[in-house]
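Dock chains B and C against the given chain A, drawing on the hints supplied.
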Amino acid sequence: MAQPERDEDPGELPYRAHNIPKLGFENYWYPILTSGELKKKPKGVRLLGQDIVLYRDGGKLYALEDRCPHRGVKLSLGECAYKGTGTISCPYHGWTFDGATGKLVAAIMDGPEAPITRKVTIRHYPIRDFAGMIWLWPGSMEPSRLEDDVPEWIGDQGKFFSMPMYTDYKCNWRWLVDNWGNDQHAQYVHRKSPELFFQPMLPFNLTIEPKPLPNGKGMAFKRIGGVTSAEFPGLGTFPNKEWWRFMKPRGRGNVRGFENSKAHQVYGIPNQSEVWLPGLVLVGRLHGEYALVQWAVPIDENTTRCFNINNFRRLGLLTALFDRAHYYLWRGWAHDRIFSDQDKVLLEAVVPGPERLSKSDIGVIAWRKFMGGNARRPPSLQEAPRDVA
Amino acid sequence: MAQPERDEDPGELPYRAHNIPKLGFENYWYPILTSGELKKKPKGVRLLGQDIVLYRDGGKLYALEDRCPHRGVKLSLGECAYKGTGTISCPYHGWTFDGATGKLVAAIMDGPEAPITRKVTIRHYPIRDFAGMIWLWPGSMEPSRLEDDVPEWIGDQGKFFSMPMYTDYKCNWRWLVDNWGNDQHAQYVHRKSPELFFQPMLPFNLTIEPKPLPNGKGMAFKRIGGVTSAEFPGLGTFPNKEWWRFMKPRGRGNVRGFENSKAHQVYGIPNQSEVWLPGLVLVGRLHGEYALVQWAVPIDENTTRCFNINNFRRLGLLTALFDRAHYYLWRGWAHDRIFSDQDKVLLEAVVPGPERLSKSDIGVIAWRKFMGGNARRPPSLQEAPRDVA
Amino acid sequence: MAQPERDEDPGELPYRAHNIPKLGFENYWYPILTSGELKKKPKGVRLLGQDIVLYRDGGKLYALEDRCPHRGVKLSLGECAYKGTGTISCPYHGWTFDGATGKLVAAIMDGPEAPITRKVTIRHYPIRDFAGMIWLWPGSMEPSRLEDDVPEWIGDQGKFFSMPMYTDYKCNWRWLVDNWGNDQHAQYVHRKSPELFFQPMLPFNLTIEPKPLPNGKGMAFKRIGGVTSAEFPGLGTFPNKEWWRFMKPRGRGNVRGFENSKAHQVYGIPNQSEVWLPGLVLVGRLHGEYALVQWAVPIDENTTRCFNINNFRRLGLLTALFDRAHYYLWRGWAHDRIFSDQDKVLLEAVVPGPERLSKSDIGVIAWRKFMGGNARRPPSLQEAPRDVA
Chain A
21 MAQPERDEDP GELPYRAHNI PKLGFENYWY PILTSGELKK KPKGVRLLGQ DIVLYRDGGK
81 LYALEDRCPH RGVKLSLGEC AYKGTGTISC PYHGWTFDGA TGKLVAAIMD GPEAPITRKV
141 TIRHYPIRDF AGMIWLWPGS MEPSRLEDDV PEWIGDQGKF FSMPMYTDYK CNWRWLVDNW
201 GNDQHAQYVH RKSPELFFQP MLPFNLTIEP KPLPNGKGMA FKRIGGVTSA EFPGLGTFPN
261 KEWWRFMKPR GRGNVRGFEN SKAHQVYGIP NQSEVWLPGL VLVGRLHGEY ALVQWAVPID
321 ENTTRCFNIN NFRRLGLLTA LFDRAHYYLW RGWAHDRIFS DQDKVLLEAV VPGPERLSKS
381 DIGVIAWRKF MGGNARRPPS LQEAPRDVA
Chain B
21 MAQPERDEDP GELPYRAHNI PKLGFENYWY PILTSGELKK KPKGVRLLGQ DIVLYRDGGK
81 LYALEDRCPH RGVKLSLGEC AYKGTGTISC PYHGWTFDGA TGKLVAAIMD GPEAPITRKV
141 TIRHYPIRDF AGMIWLWPGS MEPSRLEDDV PEWIGDQGKF FSMPMYTDYK CNWRWLVDNW
201 GNDQHAQYVH RKSPELFFQP MLPFNLTIEP KPLPNGKGMA FKRIGGVTSA EFPGLGTFPN
261 KEWWRFMKPR GRGNVRGFEN SKAHQVYGIP NQSEVWLPGL VLVGRLHGEY ALVQWAVPID
321 ENTTRCFNIN NFRRLGLLTA LFDRAHYYLW RGWAHDRIFS DQDKVLLEAV VPGPERLSKS
381 DIGVIAWRKF MGGNARRPPS LQEAPRDVA
Chain C
21 MAQPERDEDP GELPYRAHNI PKLGFENYWY PILTSGELKK KPKGVRLLGQ DIVLYRDGGK
81 LYALEDRCPH RGVKLSLGEC AYKGTGTISC PYHGWTFDGA TGKLVAAIMD GPEAPITRKV
141 TIRHYPIRDF AGMIWLWPGS MEPSRLEDDV PEWIGDQGKF FSMPMYTDYK CNWRWLVDNW
201 GNDQHAQYVH RKSPELFFQP MLPFNLTIEP KPLPNGKGMA FKRIGGVTSA EFPGLGTFPN
261 KEWWRFMKPR GRGNVRGFEN SKAHQVYGIP NQSEVWLPGL VLVGRLHGEY ALVQWAVPID
321 ENTTRCFNIN NFRRLGLLTA LFDRAHYYLW RGWAHDRIFS DQDKVLLEAV VPGPERLSKS
381 DIGVIAWRKF MGGNARRPPS LQEAPRDVA
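Protein chains in written order, with the working numbering: chain A, 21 to 409; chain B, 21 to 409; chain C, 21 to 409.
Excised from the complex, chain A in its bound form:
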């Protein structure tokens, strides 16, 4: 009958009604590093507030709680002293744990017959090296199959290939996810980014119709109407007749419409953009040969690892070479750095507190409700959200 203490953090106000946890949804796979970052030495990471040590040994990956239960030292300062056995040894007295089970298999300083051996177990985490990223499952439920749990652009590496990078934001993960609910911030924030500079203006004042995906994993947003320019009485025009927008307001996004695109007609892609649990957005191109996934990975309450996963359709070696060159020479800079950093500056400047939501937040509200109501949770927690305001 213990009443859980109400979290008085004003940053909880927008999320309490939807039961969206401060530290993220536990029972999902999350990318945590790029594959190349985990080399021979063990590495400590934090995910959903949990400290975890990762290591490779004998061609396999292991993830354990990053604290030796003996005297408390971080295992990530230790080493894989017995190559090929899948174990890691604590640097303090050599307590050695099996990465596959978390079992203590030796307490070196106590000798081979140490009675404590096999009596101590620490938490081990499901871990994968997939699509150029190290993935962890921080939850207590049986892990899903990673390939089925992420968009096909990542999950099917036979058809696609992925180029990931990440940036750490000093803010809570939910502020990134709000940003992805078709709140039309992009039309405002990014209109002067290099990526959109010579593009026609993106339409705004859209009517957003959220629709759940058939697979139950997220939502798409149908965009209806919208304008690329408007006169605000007493103020002036938006956008402000920027001289450099010599291209007509067409092309990207709206004029021909996604329904007429190659992406939809040739490749059968159902939506131009989708948001998925546990907190990612998938944005495609009309040509259907590229899609970006941005993933908000909760590190701790005030840190979020924003993964930008660039996914390309495999169309032969030459195209792949061109795609990689295009990424390194243009998109990696123009989007993953400049464009994304425009969001970073704003999200890190959010002052937690109450909100006044408006028409452009319809997608945000729908997305919050969806997440809170549909997130995978252990049976004991699978109740409806407490109150949907």
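A couple of the hints might just be wrong.
Identical chains share a label here; the pair holds if one copy fits it or two copies do between them.
[As the list claims (entries may be wrong)] Straight-line alpha carbon distances no greater than 25 Å define the calculated PhoX-like cross-link-like pairs of lysine-lysine that follow: (1) K379 x K80; (2) K282 x K212; (3) K379 x K231; (4) K190 x K63; (5) K139 x K237; (6) K80 x K282; (7) K63 x K80; (8) K237 x K80; (9) K42 x K103; (10) K190 x K60; (11) K60 x K364; (12) K179 x K61; (13) K282 x K389; (14) K61 x K364; (15) K123 x K237; (16) K379 x K139; (17) K379 x K389; (18) K190 x K237.
What the hints contain is simulated information worked out from the structure, not anything from laboratory work. Here the structure is a predicted model, which is why all the values come from computation and not from measurement.
Then chains B and C, alone, in the frame of chain A:
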């Protein structure tokens, strides 16, 4: 009947009895920047713990609460997108506020007919650009007339001109104000400062008689007696017969006396120094043609902006040129940097806790009582201080 | 009958049962600086969480509470204005305190007859300059004689000479002391340090028999058995047949045994290593002409000054010169820097929380019990530890 929680901060001990608030008295004008610091771009400041965005547009100044109520981003990251309208636009979705009223006049991404427009209002603050400083009124009462609320040396810019600068101290504002209650620290702390180096010793062991000013805004202190040297049994002499004090102990301050000075007799200045609410000190010269105002501006609990406002009597162009040269070449360095920084080092090294006050603190005690008892407060708070110890 | 609040810090778990205080045992002498660090100017230090100002005057040392009770400024910013009187003067208004008694002997700005003089007293601390170190007694009991309270290697500077240095660790002092309870971490942590690199492997899997010292000040540990190599099923050998260990596993520590050593037989040293209250370890050499004392000096909850005091037997000028050269050229680097820093890295990476102790912790447990049960305490606190788990 709710009992306000007693603040257990040991730094409150000296101030609780006099009801002097940790964050300063709200219903006063405060200088916050020099005029030149507020340029074309909006600027965020903090005053009495409140975050405020300041901006200039169409020759006017505006000050608003520095948080967009939509999704919480700081407005100070935004821009005045519609020049001449007195508005500022949030960088996230373009919510645009009227600086004069705080009203939301457009939510750009929602289009011109957005129903939320004019339904949302944020707090706006009275603001002035005066005497080379930007001034804010952080209180909830109707603002007073700035010119009437400050010493004439600042308020009457026809007769005087002001040269302000400031330094931020990492301590509570009350520690600066205590420093100005004629506690005779100057005679000790500053005796080796360049400004007083070749001066005769200032008298100490004075008897201080506090007297309220007729205008009810502060106090003056009558200084009686005092010595410029004393023998302490078992220790030695103070000051320590410093060889460089070849000037006789006369001149500054005491020998002829302020009553016989030009300041008093020609210019009719009533007191050589005065302290005023909400926390400033005015120190004149015997010649009556210069006065320094030092103002403790509370930024937050542990930060105080110490404004040094140098004020000169207008006596023609040539004198003004000389005054400015004198300030830039000597006084700006000797006083506003070196002399003031001697206080800064000590005030930042105060360990909060109980005090043992003595004879030299008579002025400090009187000044605390005066502030607590006479500060302008909304009618609901105009009770007597809780307990005058 | 007030129940002291239970400290919920998870780092208290291992120490609560033994009543070992977070901030250290108060009624002991502690080294705080090397003698050369306290020069003409007063110096502020922190010890057991207490801020203390130290100064030299007229050939004597003084230690006072580092806060002027007048208006709270740190006395360590002041000066000894009256040379030879043993006083220190506050930099703010010249309150002058006698270092020997803590009495206020003058309030300079109030003049020689100030009524407050001699009515105010601040805490003074017993202080010594001994064996190249400044020592403080932070407790409320009458101080013991320093020479009797420390190992003879430090206490008898006629027979020995000491070379001290220290490093500050960012962790609680108890984690250092645990490290000294013969927990056999050295065999693991330091086996690749330059100091032990070409040495034969130290034996591990010892059986530790703790025995209290006859003087009641600490314990020694009898080491029984042990191996220098072992095969761990499924893992491999420890140590890992390191090629550079060409010396046979003999010599240091175990083969001839301490009982047959010159230290024991010629010099009558009873134990090769001892741990003493309030938290130090003494480690000798078989030749009996050198011993290291490492002392965990609690600065505050999360900072510990680890003193390494190198002690040499006085055997004539030539040997002393050789000892000093050996220290500067080899041991100061190999042990006090490299070897000790291997511990520092681990101790600063301890995550506070519950422990799982094992066979190698028998010494640690005994040592904790001894400390909690035998520490010098004022009579009112000389109860048995609350619960010995």
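Hint check against the structure, violated hint numbers in rising order: 1, 2, 5, 6, 8, 9, 10, 12, 13, 15 and 18
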